[in-house]
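Spelled out from the first residue to the last, the chains are:
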Amino acid sequence: MTPLHTALLVAAALFAIGLAGALTRRNAIVVLMGIELMLSAANLNFIAFWRYGPDPARLDGVLFAVFAIGVAAAEAAVGLALVIAVHRRLRTTQVDEVNQLRG
Amino acid sequence: MVEAADQVFVALKQTAVGWFPAAGQPWVSALLTVAAILVVFPLLFALTTVVERKLLGRIQNRYGPNRVGPWGFLQFAADGIKSLTKEDVVPAAADRVVHFLAPLAMLVPVVLAFAVLPVGRNMVACDLDVGVLFFFAVGAGSELAVFMAGWSSRNKYALLGAMRAIAQMISYEVPLILSSLGVIVVVGSLSPVAIVEAQNQYTGWVPHWHVFTPWGLAAFLVFVIAAAAESNRSPFDLPEGESELVAGYFTEYSGFKFAIFFLAEYLGMFAIAGMGITLFLGGWTAPASFLTWVPSWCWFFLKLGVWVLVLIWVRGTVPRLRVDQLMNLAWKFLLPLAFAAFVAAGLWLFLPTATVRWGIAALLVAVPYVLLARGLTGAARRGKRVYRWAE
Amino acid sequence: MNAAWVILGLLTLAGAVCAMSLRNLVHCLLCLMASFLGLAGLYLALSATFVALTQVLVYLGAVSILIVFAILLTRGGATLGSGLTGTMSWTAGIGTALLVLGGLAGVVIWGPIAPTDAASDPTVRAIGERLMTAYVLPLEAMALLLTGALIGAVILAMPDREAAATRPEVREPPMANAGKPSVPGKDERGGEA
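Residue numbers (my numbering), protein chains in the order written: chain A, 1 to 103; chain B, 1 to 391; chain C, 1 to 193.
No lab work stands behind these hints, which were simulated from the structure alone.
Source: prediction; values computed, not measured.
Misleading hints may appear alongside valid ones.
Per label pair, the in silico range of CB-to-CB distance [to be verified]:
{"id": "1", "chain 1": "C", "residue 1": "W90", "chain 2": "A", "residue 2": "N99", "range": "11 to 21 Å"}
{"id": "2", "chain 1": "B", "residue 1": "L32", "chain 2": "C", "residue 2": "N2", "range": "21 to 31 Å"}
{"id": "3", "chain 1": "C", "residue 1": "G111", "chain 2": "B", "residue 2": "T15", "range": "46 to 56 Å"}
{"id": "4", "chain 1": "B", "residue 1": "L309", "chain 2": "C", "residue 2": "V154", "range": "18 to 28 Å"}
The C-beta atom is built at its ideal place from N, Cα and C for all residues, glycine as well.
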């Protein structure tokens with residue numbers, strides 16, 4: 001059980017927890033939090049593989065993680081703006097009540 | 001002799017660390033550094049509270065506190081004892097865990113920020129390669145604590161104050177970081193030690209401080225205003241204005257927790273001032289080449305004292321800004337000016353060392369400043385001012 | 001594996017579990033931020049200082065405030081973070097997550113993963129050089145993405161102008177004492193009548 005395996009297992013557990021939250025919770029904001037957790041788990045994977053992988057001088061993992069953090073922030077902003085817009089229209093943040101297009 | 005005075009604290013620490021066995025020396029060294037920070041800056045905080053009250057009093061044509069100790073200078077001790085012995089009232093509807101953790105969450109990032117400030121030659125707690133990024137990262141951590149304080153009190157005024165404080169802090173964080181980017185680009189490093197070393201040169205007797213360059217002056221102005229706003233200092237203290245919101249986000253805190261918030265606010269002021277001094281005012285370097293015999297830590301604390309005195313002066317003089325004026329200032333004035341300073345700094349780096357780069361940098365900074373100032377006041381819209389006299 | 005790894009890993013996972021299971025939205029947020037703090041610590045343990053500080057700056061400094069404002073702007077409608085759904089989809093969700101965990105853990109434990117230990121903490125200069133040479137296109141794309149996200153978020157969250165304009169005008173009843181002097185004998189401005 002090298003540190004790499006530990007980090008990868010922590011990342012896998014974090015991903016699973018985020019997935020569980022995103023699939024089971026009804027509040028849209030908590031679903032977004034779960035998505036953020038999944039993104040962070042993938043980031044941890046990248047950093048772990050950069051650290052213990054071949055050719056770390058190329059800094060691929062580090063830069064990918066930095067870009068992923070930036071993209072996650074942008075996606076959180078847009079996602080939360082969507083939640084606010086939906087709340088303004090339908091007065092609810094529960095994901096199963098946004099079902100007006102259901103056929 | 002001069003060298004010894006300059007390095008006296010470093011030498012003291014090394015002798016103290018030498019008394020311990022080799023296995024424990026790194027721990028003792030770290031502990032002594034942390035203890036030094038935790039002793040010096042709260043003492044400075046205590047002194048500042050008294051000096052501020054007396055200075056504000058003098059500005060307002062009254063004496064400040066003058067009962068406790070010689071000329072009132074032991075007032076901080078009286079205040080401290082009062083805060084510690086006051087009853088700790090927690091509202092019944094408050095969220096107890098978050099209410100308890102908020103002062104801690106406010107204090108810890110602020111104290112962490114002191115770790116990267118070079119207080120003197122060879123006197124930095126943690127010589128990080130990414131020191132400036134570390135400083136801004138922990139500064140951002142204290143915003144969540146403000147929200148925790150306002151939310152957990154279950155008090156509309158506290159929440160309103162917290163929201164205003166957070167909006168203000170995030171708005172002014174952007175020009176704060178942008179203004180420091182110019183310095184980082186010119187120096188080529190994120191380490192505060194390297195930034196101070198880059199300013200440690202003299203042409204004639206003038207030092208190469210970044211504030212003496214055109215882009216540096218503009219960036220320094222942006223930094224000073226943004227720093228005052230980040231620490232909720234007047235004229236940006238709408239979130240905690242007594243006449244507006246009782247006490248803002250720490251309305252429901254009493255006794256020791258309030259003292260911790262107060263301490264965190266002032267320590268935050270010192271930390272940002274310290275970073276501004278490091279970036280623009282040459283850190284621990286002397287202002288003239290014939291003054292380098294004064295110890296480096298003396299210069300740092302002198303500059304810190306001047307910064308704090310100017311802030312106190314501004315607090316007593318300038319009226320408070322409204323929320324929309326505050327936001328306009330941040331987004332429509334400071335942010336474009338910070339961008340202009342950044343571009344000027346970039347050009348400064350690549351133009352030949354002559355009057356060319358001074359002229360171009362000055363132009364690149366002065367023209368946006370004038371245009372933005374005109375655009376912001378709206379004087380052009382309103383026309384000439386008409387006075388009405390009461391009958 | 002030293003104590004730092006254990007503590008940081010526990011902090012991360014415990015924070016994540018609490019974030020996904022608490023009822024109060026603000027408590028969820030605070031636990032999520034604790035989890036991200038633990039994650040930043042893990043990055044530090046993996047010698048990626050720059051990424052750790054960027055994580056703290058972006059997530060704890062900015063994304064947390066975003067979520068705070070979203071929580072505060074969407075109150076008063078539905079109940080605050082009313083826990084989990086009915087049993088059927090709850091078990092399906094947890095089951096899927098456990099399946100995914102099993103798959104990933106299986107790959108990690110029994111897969112052909114051979115670590116080397118050649119990395120050191122990269123200097124900011126090295127990161128900058130890679131950003132400006134090999135990764136300059138992703139950098140510019142990120143800039144465009146962030147600009148687009150900024151504008152998009154503002155437009156999405158802006159209240160509808162048309163809805164405010166078409167609301168029927170409310171006419172206030174005229175004030176009873178308008179035009180009459182407040183002190184008899186003097187005109188409106190207090191001068192001599």
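Numbers of the earlier hints that this structure fails to satisfy, in rising order: 4
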